[in-house]
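2 protein chains.
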Amino acid sequence: MERQKLIEIARGDKPAAVLLKNANLVNVLTGEIYQTDIAIRRSRIVGLGEGYEAEEVIDLEGRYVAPGYIDAHVHIESAMVTPREFATVVIPYGITSVVTDPHEIANVLGLEGIAFMLEQAKYGPISMYVMASSCVPATDMETAGANLEADDIAHLRANPWVLGLAEMMNYPGVVAGDRIVLDKLEAFDGTRIDGHCPGLTGKALNAYVAAGVRSDHECTTVEEAREKLRLGMTIFIREATNAHNLRTLLPLVTPENSHRICFCTDDRQPADLIDEGSIDHMVRVAIEMGIDPMRAIQMGTINTAQYFGLSDRGALAPGWRADFFVFSDLKRPVAEQVYRGGYLVAENGKMLPIVEAKRPIQLRHSMNIRWDVVDLTIPASGARARVIGSIPNQLITDHRILELKQENGLAVSDTERDILKMAVIERHRSTGNVGKGFVQGIGLKRGAIAGTVAHDHHNLIVIGVDDASMMHAARAVATMGGGLAAAEGETVLAQLPLPVAGLMSDQPIDKVRQAFDTLLEAARQLGSPLHDPFMAMSFMALEVIPSLKLTDVGLVDVDQFVVVELFVDG
Amino acid sequence: MERQKLIEIARGDKPAAVLLKNANLVNVLTGEIYQTDIAIRRSRIVGLGEGYEAEEVIDLEGRYVAPGYIDAHVHIESAMVTPREFATVVIPYGITSVVTDPHEIANVLGLEGIAFMLEQAKYGPISMYVMASSCVPATDMETAGANLEADDIAHLRANPWVLGLAEMMNYPGVVAGDRIVLDKLEAFDGTRIDGHCPGLTGKALNAYVAAGVRSDHECTTVEEAREKLRLGMTIFIREATNAHNLRTLLPLVTPENSHRICFCTDDRQPADLIDEGSIDHMVRVAIEMGIDPMRAIQMGTINTAQYFGLSDRGALAPGWRADFFVFSDLKRPVAEQVYRGGYLVAENGKMLPIVEAKRPIQLRHSMNIRWDVVDLTIPASGARARVIGSIPNQLITDHRILELKQENGLAVSDTERDILKMAVIERHRSTGNVGKGFVQGIGLKRGAIAGTVAHDHHNLIVIGVDDASMMHAARAVATMGGGLAAAEGETVLAQLPLPVAGLMSDQPIDKVRQAFDTLLEAARQLGSPLHDPFMAMSFMALEVIPSLKLTDVGLVDVDQFVVVELFVDG
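Chains as they are written, first to last, in this note's numbering: chain A, 3 to 572; chain F, 3 to 572.
One thing to keep in mind: the hints can contain errors.
Identical chains blur together in the list; that is why a pair holds if it fits in one copy or across any two.
What the hints assert, rightly or not - Computed cross-link-like contacts, DMTMM-like style, restricted to lysine to aspartate or glutamate with a CA-CA straight-line distance of at most 25 Å:
#: 1; residue 1: K16; residue 2: D180
#: 2; residue 1: K447; residue 2: D469
#: 3; residue 1: K333; residue 2: E258
Hints were generated in silico from the structure; no laboratory data involved.
Modelling step: build the complete structure from the supplied sequences, incorporating the hints.
This is how it looks when you write it as C-alpha cells:
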C-alpha cells in the first residue's frame, strides 16, 4: 500500500518517481531557505536531503521551490467561469488550493448549486475546499433562489471537502443573538467559522467573536485589523477587484503576528485574474512594500493551511502533498513550473495539457421570469422620489431625494441629471416581482445595460434611458439563460452569456474576458464614463450595504432596514 | 442557551460573572502585552476591553494574566499518584491542561487502564487529553499485561478526549515498514501522531516522518532538533526527572521557528513536581536562559494547543476557555492565582477546596504471580556471564562480560565488585516467568530493593545481595498490591504501596513523596550511593534501550535485539 511505498523510498531502498536536485527550498515551517534535493512519489513529498535516486531527475540549479499557494477565501463565481476553468487560470500562478464560498450560486440554485461546485472540483486540476454558505438569502427583503437554514446546510460538514461555515455576513444577527443565525454557528461548532464584519468594533465585536467566529476579511484599516487580531480572529487580507485592502493593511504585519494573517482574493474578475494574478500577485505586492519574502509566502501558504486545519499542505515536508512552484527571483516570485500532486501541471504561465475526468455541467436553467406581468413603466404618483446615488468605486450608495422628470404621467429617466430608471426583475420563482426605481451616477446617455449578476440574490437587473432599450437588454439576458447585455432600442450591442446559474460562462476565460471587454466598450459608447458600470450595477441590488438599494421587492432603506416607497410625497 | 448568554454579556447588555480589571494581558496570539479588562461567564472568556460590568469585580492592579499552560506530553503514572491527585499538584503552577500517554498503565491493564485514566479525569480539576498508547508491549521479548494492536485502540479516536496516537516508540518498525506498526498509524490518520525517535536522522528520519509522525520529544542536541523541525516535526522540548533536555535545546529557539516548539515534562517524579514544578518551571528556566518571556509562555500554551488542534485554549480571547493564571513578575512567572473554567481553583501555590464528583477507583488487582515456581537461585553453568552495566543518570547500559562469584555451584552477588543479582518476576498472567541475571553499578552492600515500576512491562523487578532479602522485598511489594520496597533479610525497611496497577498510589502526593524519601534513605543505608536506585532499577528491564537489559523472558541483547543466555561459556 501507499504508505509502505513512501517509506521504502524515503529510507532509500527504492527510487523516487521524481527528484528535484539542487532546489532552494522555501521552508515556511522554520522560516529558512536552503539548498536540498526533493524526492517525490505520486502526490507526496517523500524525502528531503542528499542521496536520493529517482526515475526522473530534474536539476533546478538553485532555483527556489515554495509550497503551492492557498486562497483563503474566494467566490469563484466572480471570475464568471466554472471552477475547472478558474483552476486553469490560477494554477499557472502557483495557486494549488482554494477555499471557496459558493455563495453566489447558492443564492440562485441553493444546495444544488453548492453540489455543482463540489462536483466540478472533483478530479479537477485544483484542490477546491468549500465553506458552507451562511447567508442565503442576505435578508427577507429580496427573493433569492433558495433559503438555506441551519438544518439545510448542517449535513455539509460531513463532506471532507467542506471545512466549515462561510463568512457569517449577518453580523448584526449574531450580535443580536438571533436564534436562526446562531443555529447555523452551532451546526458548525468544532469546524471553522469564517467572519465578515466590516467596521465592527468594541463590545459588538467581542460579541461576534464570543459567538464563535474566528476570521475576518473585511478590514479596511490597520486599527480595525489589530483589534480583531487581538481578540483572536485570523485576518485574511483581501485584494479583490472591488476592494483593495492589501497596501493599506500590510503595515499590520509584524514578525509576532504574521502567522495569524492570510491572503485572500474574495472576488476577482477575469481581467484582474488574467492581467495581475491572484495570491501570487498579493505576495509580490507585499514584498514590494517591504514585507520579508518568507513572511509574504507564509501568508499565502502555511498560515492559511493552519487556520483551516489542512495538515498536508501549505509546506513541503515528507508525507505532505507535492504541491509547489518553482521560481527564480525571491524578490519577485513568478511561478515558472507548478507541480500539483507530484505532477508538473503548468509551465511559464500556461497549463500543460491534462487528461481529466469529464464532469459535464448538469444544472437546471435558472431563468424563471413571468414576462407577461413585467411592466417597466412608473406612474408618477408624486414629484419627489428616493434615488440611489451611486458613488464611484464604492459599494455604498447615497440615499437621495430628488424631483423626477415626468412624461405623460410617468416618471422617466433624465440623462441631463444622470438619473436613470432601474428595475430588478425576479428570475428564480416566477413571482412576477419587479422592483423599480432610479439611480444617479451610472452615466448612460442612451440605451440600457442588464445582467443576472446582482448581489446577492442575482435577479435580473437593468438600468437604462428608455423602456424599450431596457426591455431588449433584459430579454437578451433572459434568452441567453442569464448573462450580461447592452442594448440600444431593439439592437443588442454586446452580450456575454452566463448560462451556469446566470453567473458563470461555460467558455474559456479568455473568451469571457473578451466578451466582457466588448460589453464595457458598448457601455462606454452608450455614454457611461464608469470603469465598469456592470459591476456598479451588480451592487445596486445588495440591500445589506447602505444606504439605498433596489431589490425585486422594492427600494430598501438599508439604514432603517425597511422597504420604502419610491415617492416621498405620493 | 449558553451562546446567547455569552453574546448578551459580550455586547454589554448583561453583567458578566467575573470581571478582572486592569489586567496586563499576555496575548500569545499577537505577541503583545497590554492592559485590559477581562469579562468572564462560566467557563468562557466573554469580552476584553473597557466598560464591562460584572457580579464580581477583581482589580488586578496591573498584574499579568497568561493562558493556562498545557503539558504537551506527560506520563502521569510517573508521578506515582492518580490523575486527580496529579492535577492538584500541577494546577497551582498554572497548568490547566495536559496531554497524557497512559502508556504505563496500559502495559499493566490494557484498555481497562486507559479507560481508568479517562474516567479519573472526568469532572476533575484539570483538562486531561489522552493519546492512544501505540506500543503495548514494547517488544515480544517481555510479558506485559496487554497487547494492543491497531484494532484494539482504533475506537479510541472517537472519544473527544483522545487527540491521536501516542509516541510511536517503535521507530525501527515504522522505518522498516512493519505492517502491524503501520496499521496503528493508519488507524489514527487525520488525527495527531506523536513521535519518539531519539537520534534518528537522514533517510531513516525522512521515512519515519513520511509515515505520518508529526512530533518528537526525544531530541538531545540542537542539530537533531533542527533536522526534525525542517522535516515538519513539531518539537516538544522535554524536562523530565530522568532526561534534562531544556537547557541543551533552548538555543534551537528562534523567532522564526518558535511557534513549532512546545514544552513537555514526559516523566516527573513527585519530588521534582513538588520542588521545581512542571511546565511553569520550564518557562522560568527558558526566561533565565535568555528566551523572551512571551516566546517562553507561547511554547507552554498556544503552540501546544495549535499542534493538538485545541481551538478553545492556549490563548485568552472571547469564546475561549477562561483557563489562566495571574502573576507579578514577567521575568519569573509564578502563578499567584489560577483560574480554570472561569473559577479560581488555586491561590499562592495551593489548591482551593473543590467540590468534585466522586470517581471511586475501580480497578482489578494487578499482582498475578505464581509464587510456587519462583526460584531466585542461579546455577553456575559457566564462569563468564553477561552483566548489565548500569551507568549513572543514563538509561542506556553497558553489556559487560565478567566472571561471576560462585558459592556451592550457584552464581551469587559479589558486593566487592558491585555485581548484584537481579530478577524480573512476571506479574500479569501468572506465567511463572522469572528472568534472572546480574547488574553492576547499583551499589547495595546488604539487602534488596524491589518494585513493580519496571518500564515498560512493569513486572516485579528486584535487585539484591542475597536471595532471602530479595524474596522478602519482592513479597512485600506483592502483598501491597504493587509498589516499592527495601528489605534486609526478613525485615522490610521501607515501602511505598502503589495499589493502582502497581504504578500509582491512592494517597496524596505529599505522602507518596515522604514514603519515597524513606525508601531512598533505606537504600542508602543498604549501601547504594545512587541518587535514586529505584529509578535506575526501573529502566534495567526496558529492552528497547541499549545495550543489555533483563525482562521476565530473560536477558536481552538490545543491539542484536535477541534474548541471550546469561553465561557465555556454559
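Do the hints match the structure? See the list:
In this homomeric assembly, K16 and D180 come within 25 Å of each other (Cα to Cα) only across copies, at 16 Å, whereas the closest approach inside a single copy is 59 Å. Taking the shortest Cα distances, K447 and D469 sit within 25 Å of each other inside one copy (13 Å), while across copies they are farther apart (111 Å). Proximity of K333 to E258 under the C-alpha cut-off of 25 Å is found in both arrangements, the shortest distances being 22 Å within a copy and 19 Å between copies.
Hint violations for this structure: none, all hints satisfied.
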